[in-house]
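Chemist: Below, each chain spelled out in residue letters.
There are 2 protein chains.
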Amino acid sequence: MIIEEQGPRDGFQVEAIQIPTELKIKWIEDAVSAGVKRVQMSSFVHPKLVPQMADAEAVCAGVSKQSGVVYSGLVLNVKGVERAVKAGLTHVAISMSASDTHSRKNANKSLSEALVEFSEMAKIAKEAGLVVRAGIQCAFGCRYEGNISEEYVLELVKKHLDLGIDELSLADSTGMANPVQVKRIINQVVPLARNLPIFLHLHDTEGKGIANMLAAIDCGVNHFDTAFGGLGGCPFIKGATGNIATEDVVHCLEQMGYETHINNQKMIALAKEVEAFLGRKLPGKVKEVVSFD
Amino acid sequence: MIIEEQGPRDGFQVEAIQIPTELKIKWIEDAVSAGVKRVQMSSFVHPKLVPQMADAEAVCAGVSKQSGVVYSGLVLNVKGVERAVKAGLTHVAISMSASDTHSRKNANKSLSEALVEFSEMAKIAKEAGLVVRAGIQCAFGCRYEGNISEEYVLELVKKHLDLGIDELSLADSTGMANPVQVKRIINQVVPLARNLPIFLHLHDTEGKGIANMLAAIDCGVNHFDTAFGGLGGCPFIKGATGNIATEDVVHCLEQMGYETHINNQKMIALAKEVEAFLGRKLPGKVKEVVSFD
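So the sequence lines, in the order shown, correspond to chains V and R.
Under this note's numbering, think of the first position of the first sequence as 1, with each following residue one higher.
Under this note's numbering, think of the first position of the second sequence as 294, with each following residue one higher.
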């Protein structure tokens, strides 16, 4: 199983306290030292909209890179891709929403405008030689619109694949997905994606995060986004809460016999360090009960 | 799917604030009015050990009984069964632990002593004409002992069935169970149980509660214990936290196409009322985000 650590981006983006760049760098390096092979380090969004991500370039430059590890950044528009390329990234996650309302709130674009921008982003990133992960936010439901058309999600998947992207990602940004729906959608995406990796990005807002992950595993998915401590949430989604917690996911997967190659003692220590800095209990659960003495 | 509401017992037993008997009665009636068809109203344990349950008789007497609803109580020893019979219950949950350490802490008995007591409990309850649910605590792991022998759990199941009990219950009291293990154990219990209902009692201590429920559903189980608000936890288990939340379970099951016949607006209102009384956020998740306006 492949875990992409998104704590530094999805996790930190909603935090009110400005986290020092040096600490972000240290925690990214700590996650890699625990065995994480993919990290989303930051997002190249407008610093006025998400001030916590204003140091994206500094974070990306500051992290000591280890071979065999994918260091990525999230981008939502052409300007972001240009910044990511300039920052020297070799991997980028371009992303758009399947919900018109969420797209307008999060990216200030209608769905059709977002799709045009998305094609442009993919083109620039591919021309610059980057590996491109294409993501669809709110793929399983929207807190403003309710149900999201599965046909539209599948249409977006096809359009993204036509752009020559390298990896697919479906995000349950709102935590509204359920295992039956996850299986139904993923089973339609798998044949389209052929051999490209499919990532599932899950939030535990309604308590179904781990169950949805296992439903996707049943369909052959083995790439998941997680955040240490269960941090996270989109600032532009009503009631958004954290990603599935890295250490909870690792604990569950290892118990079930899957290999993550992540040292969970180290991940739990990291989650507790972040928790201590932020000064409040983070939602991840196993850090409270699992003793590795 | 059949939900047994255990908030009034497993939920309240760990609460420090003494909850007025009248409120317990009201909340049990509210759960039934929301559509719950089974309630564990209290436990007949020593009031010095669990002071919150000292009003078991008063609660059981005070609840207005609706036809078609199973009103039960938990008992851990012969004295408890005698009290339950005297209180006029027609259904009782007798229970013992599969962990020697937990059994000594929770019931002051070794495993073999607990089994003798269990047989006696079953005998008295059956002779009094009660419907008997037999439960095994810590069936999936113990916070003190670690792994619990599956062979021993299956041996207990057989012994309990030999006593002529009417329903089986397996409890993941510690929240250590994982879906692979749940399937492995349940698949061995199902053929033993023949047509008797099998209940799964799950805690969300490690975030796997809902995933474990779905694993059991895959094996044909359709009876689950839950607690409103995600209340609960055994006072004699290190790091114990709440049951899977009734309203989260109902929400997830209904999304997946299963019928619960429970009005979740009412369950959420109940969870919020209990939360307001206790004066702290309860762990149930959907009450925070699901609007039924």
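Keep in mind that the hints were calculated from the coordinates and are not lab data.
Don't take every hint at face value.
[Unchecked claim] List of simulated lysine to any residue pairs, SDA-like, C-alpha gap at most 20 Å: (1) V:Lys238 <-> R:Glu581; (2) V:Lys238 <-> V:Ser33; (3) V:Lys183 <-> R:Gly532; (4) V:Lys272 <-> R:Gly532; (5) V:Lys281 <-> R:Gly532; (6) R:Lys451 <-> R:Gln548; (7) V:Lys37 <-> V:Gly68; (8) V:Lys37 <-> V:Lys79.
[What the hints assert, rightly or not] Incomplete in silico selection of chain V near chain R, CB under 10 Å: (9) Met1; (10) Ala16; (11) Pro20; (12) Ala87; (13) Ser149; (14) Lys208; (15) Ile210.
None of the values given here were measured: they were computed from a predicted structure.
Using N, Cα and C, we set each Cβ at its ideal position, and we do this for glycine too.
Chemist: Work down the list of hints and note, for each, if the structure agrees.
Modeler: Outcome of the hint check:
The suggested pairing of lysine 238 (chain V) with glutamate 581 (chain R) holds, with an alpha-carbon distance near 10 Å, which does not exceed 20 Å. Simply put, lysine 238 (chain V) and serine 33 (chain V) have alpha-carbon atoms about 35 Å apart, too far for the 20 Å limit, and the pair is violated. Note on lysine 183 (chain V) and glycine 532 (chain R): the hinted pairing is violated, with a Cα-Cα distance of about 34 Å set against a maximum of 20 Å. Proposed proximity of lysine 272 (chain V) and glycine 532 (chain R) is supported: the alpha carbons are some 16 Å apart, at most 20 Å.
Pair hint lysine 281 (chain V) plus glycine 532 (chain R) holds up; C-alpha atoms about 15 Å apart against a cutoff of 20 Å. Taking the CA atoms of lysine 451 (chain R) and glutamine 548 (chain R), the gap is about 35 Å. The hint is violated against a cut of 20 Å. Between lysine 37 (chain V) and glycine 68 (chain V), the direct Cα distance comes to roughly 7 Å. Compliance with the 20 Å bound is thereby established for this hinted pair. For the hint pairing lysine 37 (chain V) with lysine 79 (chain V), the CA-to-CA distance comes to about 27 Å; that exceeds 20 Å, so the pair is violated.
Look at methionine 1 (chain V): its Cβ only gets to about 14 Å from chain R, farther than 10 Å, so that hint breaks. Interface hint at alanine 16 (chain V): violated, since its Cβ lies 19 Å from the closest Cβ of chain R, which is beyond the 10 Å cut-off. Checking proline 20 (chain V) against chain R by beta carbon gives a least distance of about 29 Å; that is not within 10 Å, so the hint is violated. Taking 10 Å as the C-beta contact cut-off toward chain R, the hint placing alanine 87 (chain V) at the interface is violated, the least distance being around 35 Å.
The restraint placing serine 149 (chain V) at the interface with chain R is violated, with a minimum CB-CB distance near 17 Å, outside the 10 Å limit. Nearest Cβ of chain R to the Cβ of lysine 208 (chain V): about 6 Å, under the 10 Å cut. The hint holds. Using the Cβ-Cβ criterion of 10 Å, the hint placing isoleucine 210 (chain V) at the interface with chain R is satisfied: the shortest such distance is roughly 5 Å.
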